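*Asks:* Residue-level listing of the chains:
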Amino acid sequence: MSGNSYYSRKLHSLLGVIPLGLFFIEHALTNYSAFEGGKEKFLDSVHGLHDLPLIFFLEMFIIWLPILFHGVYGLYLAFTSNLNVGRFNYGRNWAFALQRITGVITFIFVIWHVWQTRIQVALGNTTYDELGEHMHSIVTQPGYFTLYFIAVLAAVFHFSNGLWAFLVSWGITIGPRAQRVSSRICMGIFVIVSVLFLLSLFAFRGDEFASASAAIGTLQLG
Amino acid sequence: MADTATAQRTVKFIITRQERPDTAPYTEEFDIPYRPNMNVISALMEIQRNPVKSDGTRTTPVVWESNCLEEVCGACSMVINGKPRQACSALIDKLEQPIRIAPMTTFPVVRDLVINRERMFQALKRVKAWIPIDGTYDLGPGPRMAETKRQWAYELSKCMTCGVCLEACPNVNDRSSFIGPAAISQVRLFNAHPTGEMNAHERLEALMTDGGIEGCGNSQNCVRSCPKGIPLTTSIAAINKDTTKHMFKKWLSL
Ligand code: SF4
Ligand code: FES
Numbered sequence: 000m001s002g003n004s005y006y007s008r009k010l011h012s013l014l015g016v017i018p019l020g021l022f023f024i025e026h027a028l029t030n031y032s033a034f035e036g037g038k039e040k041f042l043d044s045v046h047g048l049h050d051l052p053l054i055f056f057l058e059m060f061i062i063w064l065p066i067l068f069h070g071v072y073g074l075y076l077a078f079t080s081n082l083n084v085g086r087f088n089y090g091r092n093w094a095f096a097l098q099r100i101t102g103v104i105t106f107i108f109v110i111w112h113v114w115q116t117r118i119q120v121a122l123g124n125t126t127y128d129e130l131g132e133h134m135h136s137i138v139t140q141p142g143y144f145t146l147y148f149i150a151v152l153a154a155v156f157h158f159s160n161g162l163w164a165f166l167v168s169w170g171i172t173i174g175p176r177a178q179r180v181s182s183r184i185c186m187g188i189f190v191i192v193s194v195l196f197l198l199s200l201f202a203f204r205g206d207e208f209a210s211a212s213a214a215i216g217t218l219q220l221g
Numbered sequence: 000m001a002d003t004a005t006a007q008r009t010v011k012f013i014i015t016r017q018e019r020p021d022t023a024p025y026t027e028e029f030d031i032p033y034r035p036n037m038n039v040i041s042a043l044m045e046i047q048r049n050p051v052k053s054d055g056t057r058t059t060p061v062v063w064e065s066n067c068l069e070e071v072c073g074a075c076s077m078v079i080n081g082k083p084r085q086a087c088s089a090l091i092d093k094l095e096q097p098i099r100i101a102p103m104t105t106f107p108v109v110r111d112l113v114i115n116r117e118r119m120f121q122a123l124k125r126v127k128a129w130i131p132i133d134g135t136y137d138l139g140p141g142p143r144m145a146e147t148k149r150q151w152a153y154e155l156s157k158c159m160t161c162g163v164c165l166e167a168c169p170n171v172n173d174r175s176s177f178i179g180p181a182a183i184s185q186v187r188l189f190n191a192h193p194t195g196e197m198n199a200h201e202r203l204e205a206l207m208t209d210g211g212i213e214g215c216g217n218s219q220n221c222v223r224s225c226p227k228g229i230p231l232t233t234s235i236a237a238i239n240k241d242t243t244k245h246m247f248k249k250w251l252s253l
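Protein chains in written order, with numbering that gives the first Met the number 0: chain U, 0 to 221; chain V, 0 to 253.
Don't take each hint at face value.
[To be verified] Straight-line C-alpha distance at most 25 Å; calculated SDA-like pairs for lysine to any residue:
(1) V:K82 <-> V:P60
(2) V:K124 <-> U:A77
(3) U:K9 <-> V:S176
(4) V:K240 <-> U:S193
(5) V:K240 <-> U:A77
(6) V:K124 <-> V:P60
(7) V:K240 <-> U:T116
Hints listed in this document are in silico derivations from the structure and should not be mistaken for laboratory results.
Please read all numbers here as calculations on a predicted model, not as lab measurements.
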């Protein structure tokens, strides 16, 4: 890597939390609105987001560029690490290994997920209004549902454990007690955010999101 | 007589050996007569006296390094039953058999169990792990160190550069230039010293370059492996804080 890796690594760690972590939480909440308030609430949330001013630049600087850097540099970091949980079977070493494994899974998943959703919108194959139905048609297929299920858990683990590592790498949690407490909090975050995402996955499978797409289907037929 | 000789208890060893730095490793098995309280070094000494393998054929004596024989010099580090540790404090009675012994391959192997820990000493030079007091005249006594600080700093000073923490670290390998936990902890030690503190920024800056502290991925194997019980992960997080602060201070004073 060119330049001083101290700064690249610091930037990598920062981007993972701000803005990517924040966006991730926002994403969980938007999806959760599908579970909580059904289709209407979900549509409201989606519209609320896409009505933000300068949305193109927001997406660019808060999502696309940070993901690109964090993902590509993260792949490189994963490549420079050994996995030695066989010899050193300790909890934190497992978290270290899983952080890299889930990172790679998340990176691949994000590319695929963006292709399936955002890019389909950009290509005009679906619209923001039909996003709920679009998701319904994806997650009602058992294969895709399983992939989403696994990838969502991987992404949430990567985020929660990354938050723990962020606190260490920036020198915020120093002693063993502080790191233990923060690891409990991060595991709590893992559980809560996982539940948010999984409930919304189940919600998208519901009939509510199907009926409209059937309606669209018939409309087009008519 | 003959009966007692055959009935004698033996200890089985499987040793990974290597003739030269560039040759392929191979294993050899040995059955060493058991003696009470023996450790891995005394077993290796036995092989040195009588280099005969389990199958009865003679071989070259196994080469190893040791010095203090009381776990303070760090010379005898090797991988014993999968874990890096000191051979002199590895008691046979406490080890599962057969006992598997291999060199710490994070370091270049010189021969058999002898490794070259040069990179650790280079790392100490790189971070200036010393207190500069040389001058042309007597500088007089330095400032005193607070007793509370001395107590934890003393723990850090126990590091014997044994290399176990580097062997345990998944980020110390030939794809990364990570300096390893030991030198980072030494920066904390020398930056805590009232005189050493005067050059604190130089040590921090040495860790803020390629292969410095950023190579840590928080697997925390080091702290669980250090034979001296050095709080390595606390040192790393403390230096993370100091380097972060130093980075902002430098930016603000540009
Ligand atoms: S910190 Fe511990 S494990 Fe690492 S070199 Fe020093 S004594 Fe050995
Ligand atoms: S011989 Fe010194 S540590 Fe073992």
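*Asks:* Could you run down the list of hints and mark each one as holding or not?
*Replies:* Do the hints match the structure? See the list:
no., hint, verdict
1, V:K82 <-> V:P60, "23 Å, holds"
2, V:K124 <-> U:A77, "29 Å, violated"
3, U:K9 <-> V:S176, "16 Å, holds"
4, V:K240 <-> U:S193, "31 Å, violated"
5, V:K240 <-> U:A77, "24 Å, holds"
6, V:K124 <-> V:P60, "35 Å, violated"
7, V:K240 <-> U:T116, "40 Å, violated"
Consistency with the previously given hints fails for numbers 2, 4, 6 and 7, ordered from lowest to highest.
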